[in-house]
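The working numbering puts the first residue of the sequence shown at 1, with every later residue one more than the last.
The hints are simulated quantities; they were obtained by calculation from the structure and are not laboratory data.
It is possible that some hints are incorrect.
[Said to hold, decoys possible] In the DSSO-like style, the derived pairs of lysine-lysine whose C-alpha atoms are separated by at most 30 Å in a straight line are:
| hint | residue 1 | residue 2 |
| --- | --- | --- |
| 1 | 67 | 52 |
| 2 | 65 | 47 |
| 3 | 41 | 67 |
| 4 | 52 | 41 |
| 5 | 31 | 41 |
| 6 | 41 | 65 |
| 7 | 47 | 31 |
| 8 | 65 | 31 |
| 9 | 52 | 31 |
| 10 | 47 | 67 |
| 11 | 65 | 52 |
| 12 | 31 | 67 |
[To be verified] Simulated DEER-style distance windows between Cβ atoms:
| hint | residue 1 | residue 2 | range |
| --- | --- | --- | --- |
| 13 | 44 | 75 | 15 to 25 Å |
| 14 | 9 | 58 | 35 to 45 Å |
| 15 | 41 | 68 | 17 to 27 Å |
| 16 | 67 | 8 | 25 to 35 Å |
| 17 | 59 | 8 | 16 to 26 Å |
| 18 | 57 | 9 | 32 to 42 Å |
| 19 | 76 | 47 | 21 to 31 Å |
| 20 | 12 | 62 | 39 to 49 Å |
| 21 | 2 | 38 | 42 to 52 Å |
| 22 | 2 | 34 | 49 to 59 Å |
The beta-carbon is built from N, C-alpha and C at its ideal position, and this holds for glycine as well.
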Amino acid sequence: MSKKRRIGRLIAAGKTPPMKPELQADIEALKTPPRNRVEAKRQLAIKLRLLKSGALTPPSLREQKEKAAQDLTFANARRFEEGVVDSVATEKIALAHKKWRGRTAD
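Between the sequences and the hints, there should be enough to build the whole structure, so can you do that?
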């Protein structure tokens with residue numbers, strides 16, 4: 001067997017089908033708000049990968065954001081009713097204070 005053929009067989013044997021993304025785990029990761037820049041970058045990478053693969057479309061991503069915001073509101077309301085945390089109206093906080101800070105902030 002020639003060297004080219006052996007190399008070709010090794011390359012062919014080493015190829016694996018592309019891994020399917022774990023859609024459910026990725027979608028769950030998108031539902032929680034990022035705690036820091038690293039998580040924000042990871043979530044952005046997940047979003048781009050899912051959009052590129054066709055698993056998500058911009059309208060479905062928008063719907064998920066709205067549903068996640070509603071779920072978070074309901075969860076917070078339940079926690080406030082139980083007295084776990086004090087109620088804070090985040091709508092009154094200026095948008096400028098919610099943005100990322102630091103050297104590379106937008």
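Hint check results:
1. 67 to 52: Holds - the C-alpha atoms of residue 52 and residue 67 are around 22 Å apart, at most 30 Å.
2. 65 to 47: It holds: about 12 Å lies between the C-alpha atoms, which stays within 30 Å.
3. 41 to 67: holds, 21 Å
4. 52 to 41: With Cα atoms ~16 Å apart, residue 52 and residue 41 stay inside 30 Å; holds.
5. 31 to 41: holds, 14 Å
6. 41 to 65: holds, 17 Å
7. 47 to 31: Between residue 47 and residue 31 the Cα gap is close to 11 Å, so the pair holds against 30 Å.
8. 65 to 31: holds, 7 Å
9. 52 to 31: Between residue 52 and residue 31 the Cα gap is close to 19 Å, so the pair holds against 30 Å.
10. 47 to 67: Judged against 30 Å, a Cα distance of about 16 Å means the pair holds.
11. 65 to 52: holds, 18 Å
12. 31 to 67: holds, 9 Å
13. 44 to 75: 15 to 25 Å: At 24 Å between Cβs, range holds.
14. 9 to 58: 35 to 45 Å: holds, 43 Å
15. 41 to 68: 17 to 27 Å: holds, 19 Å
16. 67 to 8: 25 to 35 Å: violated, 50 Å
17. 59 to 8: 16 to 26 Å: Violated - the Cβ-Cβ distance for residue 59 and residue 8, about 45 Å, lies outside 16 to 26 Å.
18. 57 to 9: 32 to 42 Å: holds, 41 Å
19. 76 to 47: 21 to 31 Å: Check passed, 24 Å falls within 21 to 31 Å.
20. 12 to 62: 39 to 49 Å: holds, 43 Å
21. 2 to 38: 42 to 52 Å: Given range 42 to 52 Å: holds, Cβ gap about 49 Å.
22. 2 to 34: 49 to 59 Å: Because 53 Å falls inside the window, the suggested range holds.
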